[in-house]
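Heads up: the sequence shown begins at 1 in the working numbering, then just goes up one per residue.
Careful: at least some of the hints might be erroneous.
Stated by the list, open to error - Just the calculated beta-carbon pair ranges, DEER-fashion: (1) G167 x G97: 15 to 21 Å; (2) A89 x P53: 32 to 38 Å; (3) Q58 x T81: 14 to 20 Å; (4) D31 x G145: 30 to 36 Å; (5) G23 x P112: 22 to 28 Å; (6) P75 x R116: 38 to 44 Å.
To be clear, the hints were calculated from the coordinates, so they are not data collected in a lab.
A quick note: this is a predicted structure, and the numbers were derived from the prediction, not measured.
Heads up, the beta-carbon is just placed ideally off N, CA and C, and yes, glycines get one too.
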Amino acid sequence: MTAKERNQATVPAWGTLEASGLGTLWLAWTDRGLLRLSFERLNDVGAAEEAVPEVFAQPLERYFQGQVEDFGDVPLDLRGTDFQLRVWAALREIPWGQVRTYGGIAQRISSPRAMRAVGQANHVNPVPIIVPCHRVVEAGHHLGGYGGGVERKQLLLELEGVRIHEGVVQPGQLDLF
């Protein structure tokens, strides 16, 4: 699929799910897959609200019940630069309950000096949780930032069993690729 084909707009549908401890999740999707997942209301989607398809809802419900979920079967309609798509693909390889550093992701995608660019790709990730940018931390194992807020990042990591003390991931949960 060419970049032009990948970025051609189709009219998205949207709906909401309640996420334990996180409030309402706003989802938008196309016939290709999940386009966006947001912790904030999607104001730029003009279609009427629909029920969230089971292919998106069930894995998220399992995740929020604390069941190991890798979201590998969730179809995605990701739109971004080639670099962003490489970063997001690397994020999907991080297992449940583990974290990686920005530098580790940069090395994984063969761009070892691109730590800040990896952080920027995380910041614009259109489908957090599914593409688990919350599993990326700073080099000193500090949580760092998160588009949905550091409190949400900590909640998501703790849901996955990651031990955090005073904003620092505790030993044994940080692996390199």
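Cβ separation of G167 and G97, checked against the hinted range 15 to 21 Å: Taking Cβ atoms as reference, G167 and G97 lie about 18 Å apart, which means the hint holds.
Verdict for Q58, T81 (Cβ pair) under range 14 to 20 Å: violated, 31 Å
P75 versus R116 beta-carbon gap, inside 38 to 44 Å or not: violated, 30 Å
D31 versus G145 beta-carbon gap, inside 30 to 36 Å or not: Between D31 and G145, where Cβ atoms are some 33 Å apart, the hint holds.
Status of the given 32 to 38 Å range, CB of P53 versus CB of A89: Roughly 23 Å apart at Cβ, these two residues miss the hinted range, so it is violated.
Range hint compliance [Cβ, G23 to P112, 22 to 28 Å]: violated, 37 Å
When the structure is compared with the earlier hints, violations turn up for hints 2, 3, 5 and 6 and for no others.
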